[in-house]
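Go ahead and model the full structure; you've got the sequences and the hints to work with.
Protein chains in written order, with our numbering: chain C, 18 to 649; chain R, 599 to 860; chain H, 7 to 412.
Everything labelled a hint here was simulated from the structure, so no lab data went into it.
Check the hints yourself; a few may be wrong.
Just so you have them, the derived chain C footprint on chain R, three or more residues with Cβ under 8 Å [as the list claims (entries may be wrong)]: (1) 672-680; (2) 701-715.
Sample of chain C residues lacking proximity to chain H, with all beta carbon distances greater than 12 Å (derived) [to be verified]: (3) Leu77; (4) Asp81; (5) Val302; (6) Pro305; (7) Leu346; (8) Pro412; (9) Arg434; (10) Leu435; (11) Gly437; (12) Val461; (13) Val469; (14) Leu488.
Built from N, CA and C at the ideal position, the CB exists for glycine as well.
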Amino acid sequence: MPDLSFLLLQTLNGLASASSLFIIAAGLTIVFGVTRIVNFAHGSFYMLGAYFAVTLIPRLFDIDRSFPIFFAGVLLAALGVGLIGVLMELVLLRRIYRVPELFQLLATFGVVLAVEDLVLKIWGPLDILGPRAPGLRHAVEILGHRFPAYELFMIAMGPLVLGLLWLLMHKTRFGVLVRAATQDREMVGALGVNQALLFTGTLFLGAFLAGLGGALQTPKLAANPHMDISIIAEAFVVTVVGGMGSVPGAFLAALIIGQLQAFGILIFPKITLVLVFLLMALVLVLRPWGLLGRPEAGHGRVVLPEGILGLKPFGPAERILTGGLALILVLLPWVGDSYLTKVVIEVLCFALAAFSLNFLIGNGGLVSFGHAAYFGLGAYGAGLLVTRLGVPMEPALLATPVIAGLGAALFGFFVVRLSGIYLAMLTLAFAQITYAVAFQWVEVTGGDNGVVGVWPSRWAASREVYYYIVLLVSAAAILVLRRSIYAPFGYTLRGARDSVVRADAIGIDVRTHRWVAFTVAGAAAGLAGGLFAFAKGSIDPTLISIPMSIDFLVMILVGGIQTVLGPLIGAAFFHSIKDFFMPLTFYWRLLLGLAIIAIVLVFPRGIVGGFESVKARVSRAGARQGGERAGA
Amino acid sequence: MSLLSVEQLGKSFGGVVAARGVTFAVDAGKLLAVIGPNGAGKSTIFNMVGGQLAPDTGRVVLAGEDITATPPRHRWRLGVGRTFQIAQTFVSMTVAENVQMALISLNRRTRAWWPAAGALYRDEAVALLERVGMADNADRPCSELAYGDVKRVELAIALAGTPKLLLMDEPTAGMAPKERAQLMELTAGIARERTIGVLFTEHDMDAVFGHADDIIVLVRGEIIAAGRPAEVRNNARVRQVYLGGTEIGARPSSQAAEAAQP
Amino acid sequence: MFGKRLLQRSVMAAAVVVGLAATSEAVLAQGEPVKIGELNSYGRFAAFAVPYRNGMQLAQDEINAKGGVLKGRKMEIVFRDDGSTPGDAVRVAEELLTREKVAFLAGTFLSNVGLAVADFANQKKTLFLATEPLTDAITMAQGNKYTYRVRPSTFMQTKMLVEAVKAKGIKKWAIVAPNYEYGQSAAANFKKLIKIATPDAEIVGEQFPALGKIDAGATVAALENMKPQGIFNVLFGADLTVFVREGNTRGLFEKRTVASLLTGEPEYILPLGEETPQGWIVTGYPWEEIADPAHKAFVAAYRAKYNDTPRLGSLLGYVVGYMMKDLLDKAGSTDTDKLLAALNDLKVNTIAGPVTMRALDHQSTLGAWVGETTIKDKKGTMKNWKYEDGAKYVFPEAEVKAARKQ
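So, in structure tokens, the structure goes:
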């Protein structure tokens with residue numbers, strides 16, 4: 018039974034971490050509120066803040082080793098990061114405000130990859146411990162416990178930043194515009210406000226807060242190249258739990274999460290992995306817009322949705338291309354070496370997973386950030402059946418869509434009740450919970466080591482035979498899914514994406530259709546996961562992790578979500594360039610990140626989308642034939 | 599028995615009363631217009647009849663069946679078709695496909711996995727488009743249409759459900775005067791031909807007084823007048839509400855009818 | 007208009023591609039070198055992996071300057087990033103085998119990556135020298151014919167620490183470890199071994215913060231509240247620095263014995279600087295104090311070549327480089343069966359001391375340095391250290407036979 022003074026101490030600990038979380042999340046939520054960009058690079062800003070601080074502050078200490086100097090260093094570091102935010106807005110985001118929001122997300126993800134390697138290149142791989150804050154190095158005696166003075170300072174910083182933000186939001190023209198844009202982005206555009214300047218300012222503020230959060234951490238932790246990854250998920254959770262765009266919401270959510278973490282570890286020492294995601298899932302199920310968030314202002318305005326727009330049968334060019342591709346795929350084991358065959362096996366698995374994801378995103382308008390959950394469920398289902406229960410490959414593979422489909426049905430039941438970014442975040446939360454189970458349930462899943470020895474049956478053991486199995490199964494699954502996109506079921510999903518109100522008004526049960534779609538997509542991803550597990554010979558939690566989900570997203574975005582076949586091209590392209598860069602250099606993440614940014618800039622609608630628009634331009638430039646259907 | 603009867607409908611948002619004690623009825627084959635200044639609660643009442651909003655008090659009865667708590671998708675199957683103030687269509691589809699979707703739903707085939715949706719009920723869809731004068735545009739993407747044409751498509755979608763009751767929230771908003779008259783004439787014609795009851799709101803007084811069989815006037819959520827157009831036109835309170843007592847809706851309907859002929 | 011913009015964009019794209027080509031490090035084959043595929047987390051775990059690569063490169067250069075391997079052939083180690091996930095690593099391994107035609111595979115950092123590559127090697131019937139992964143599973147429950155491990159395992163290093171603190175007779179222990187396999191299995195090993203060493207020892211509590219995400223204030227307070235006499239720490243890297251700062255300020259380590267895995271390795275102790283806690287009992291690598299002439303020569307050569315001080319990774323890379331040479335020379339061939347036969351009970355004289363690759367469990371007897379942390383010239387280092395030969399700490403034969411069922 019812990020004594021009272023300890024409970025108080027733990028409360029203070031929780032408050033201190035809440036402050037750090039809030040400062041970072043506040044920036045994220047403001048940027049989202051105004052620009053509607055899901056800024057993955059926010060974690061990179063945080064990391065840069067820390068690196069700037071540990072570089073700058075020791076130099077400033079040459080002047081005077083005092084607290085004001087320390088604090089000036091922190092502010093300078095944050096300012097520097099703010100300027101980097103401005104740079105990102107001017108150079109990258111400004112060019113792509115008109116492209117679908119998901120592509121903006123893709124661009125910020127490219128920035129994450131590039132910054133990660135740039136930091137390694139500039140500051141080296143070793144952690145850099147910054148100086149402690151002069152005057153706050155000591156501990157304060159509280160009820161017989163020693164408590165760091167710096168933590169008390171941090172406890173005060175949270176409310177202070179909240180107060181300053183409140184002043185900024187209510188007493189300045191910029192703040193009023195930020196609030197107005199958060200509530201109704203179109204309105205601000207209509208009011209004749211200089212939107213570009215507003216966005217630049219917002220990015221500065223957001224990056225500044227992330228940098229401040231990072232710089233303030235340096236007296237506690239060493240600047241290290243993994244900081245971005247470690248903070249971004251939690252920052253998103255705080256933002257979503259609080260309600261996207263709501264600064265007070267972020268504060269409230271940070272307070273709750275800080276206390277939950279502090280006391281959670283006393284009861285479940287291993288809980289930190291999943292605690293925040295459990296909270297996020299719970300909050301979203303009960304309050305679909307977060308604690309203090311509001312539903313998107315309904316304009317009823319008709320905008321072209323992101324995703325598949327219109328379907329048309331293949332023209333001669335597409336037929337020849339597809340036929341040629343199919344021929345190459347069938348002949349591949351004869352024309353390529355065994356490594357190429359292996360790479361193509363992986364591409365086919367990813368293609369199926371990506372296709373099933375685009376079935377949801379491109380066709381259904383349901384953006385899932387956690388599709389790896391179902392890929393992973395399939396892989397784990399297959400792997401565990403084979404290694405733990407001795408089931409042969411064939412029934413194990415057949416079981417994968419069932420297992421993943423059941424998981425998707427369970428999670429999907431809650432997911433389809435939400436929409437937009439909240440829906441995406443709930444899928445992420447469920448994926449993280451699945452990940453945590455695979456990670457933590459060591460006796461069954463093998464924990465993070467996973468399980469090895471997941472190999473195909475003897476008759477299918479040869480690379481070539483297994484290749485044909487994968488080709489056959491994934492092609493069949495893709496064709497069935499593709500067929501449904503052209504069938505009433507796919508049309509119904511697309512209709513509900515275009516206008517839920519209209520779908521409802523013509524008798525369509527939108528939720529149930531989406532639930533079925535979510536389940537089917539999950540099952541297809543599970544099949545892909547099962548095929549992948551047998552190709553790799555092992556399963557482990559990285560198959561369910563956030564990076565895997567992001568990879569799937571990147572694949573479909575790179576390929577283009579407006580077209581039915583885009584995801585397949587995207588999977589092939591993304592996996593190939595990764596495979597191409599990796600042997601070239603250890604800084605392959607930098608190249609991958611730059612390549613993604615380049616794709617967003619050159620083909621803002623994905624590769625296939627770009628191809629389509631070129632084709633459309635060529636055909637328009639040629640003989641103009643009347644009465645022909647437009648659209649791709 | 600009326601096709602639709604609305605009894606003592608009430609709704610408030612926070613402290614603001616949007617509708618109170620609203621009672622009216624729509625008969626088959628008749629057009630009932632709901633008018634009133636901005637913020638009078640027209641759309642609120644509309645959405646309660648359509649099922650998009652749940653009323654705080656009162657009942658909505660369709661052909662003797664209480665549908666107050668019935669979701670929109672079920673009301674549609676009971677014969678309620680509607681158009682929206684801001685047109686709601688499937689913008690990624692063609693005009694015909696929009697109507698085909700309604701027919702697919704009507705025939706409960708939305709879960710079909712195999713047949714190509716583009717070929718299902720195509721002829722019926724084109725026939726409906728023919729009726730609203732949009733057959734020539736059947737294969738154009740809905741996103742390319744002029745706004746007035748989108749409204750016609752919406753009407754065709756609503757008709758696809760073989761409705762008994764048609765709800766039209768400001769059907770002519772955003773249209774040129776000539777288009778307005780055409781659309782109202784079309785609607786009135788269809789309503790009489792198929793004995794569909796029509797409930798519509800409208801700002802355009804020509805449309806209201808030219809086509810409505812009955813009118814109710816709403817101010818701050820309450821009905822202040824109801825009756826035949828002539829009665830409403832001469833109602834003193836209505837005149838007062840509509841700016842200083844000028845005569846409203848003076849244009850005779852025959853003129854509008856002529857304009858509707860192509 | 008549009009054409010111009012498209013052109014600009016294309017030029018940007020082309021610039022990216024050219025940039026790629028420039029960064030590629032083309033390796034020109036000379037004669038007929040013996041290729042060895044080395045895959046490791048050079049990007050994500052660069053703090054360890056880059057010094058490791060440097061050490062290995064140094065050994066390779068020395069070996070080739072002195073006549074190479076297999077009677078005059080050059081040894082060529084092909085380095086590849088393993089992507090830090092099992093999925094990527096297995097593909098990279100395949101690429102090394104089929105495209106680069108390497109004689110065998112070596113490397114990996116993360117345990118799950120190591121295990122996946124081990125299983126891949128078993129499928130492909132190729133030798134895999136797992137150099138860094140510490141998990142016991144790779145030589146025990148999931149050990150296979152083709153996989154050998156160089157570094158002392160989690161079990162061995164934990165046992166060294168338990169032996170070192172045994173004399174203090176501490177009864178109440180708290181454990182703090184990162185929440186993943188390495189941390190969990192170190193904690194499990196510690197619990198088992200401390201009971202044997204001090205039968206009335208008791209574990210008063212455990213904390214498992216997520217790797218890289220420790221909430222240090224709350225964790226330190228929770229540990230303090232357990233009122234232990236001793237703390238067994240498995241945290242490393244970024245988690246360790248936060249933990250140490252928070253623990254120092256709150257007085258967690260005062261009047262307590264701390265036994266800490268890996269903390270004496272330069273990779274982890276250097277970032278602590280002046281704040282290195284004193285008197286922790288750790289495993290590590292006191293490179294500047296090792297007087298052995300061969301080791302001193304290695305340090306000098308390393309400093310000359312890289313203008314940096316060696317880390318534990320550098321030592322390991324260097325040792326493995328020479329181990330590969332001895333292996334090839336003893337086998338007299340790159341044939342896998344001959345390599346396996348040569349590697350079983352291969353004896354190598356390394357700069358750390360004599361090392362045997364045990365045929366029994368495919369674990370090398372490379373040891374580790376155990377000592378106390380201290381501060382010298384504002385930098386963390388070790389004192390009262392001693393090299394513990396791994397041979398004394400390997401799993402007993404009976405346990406190995408029970409675990410490895412081949």
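Against the structure shown, which of the earlier numbered hints fail to hold, in ascending order? 13
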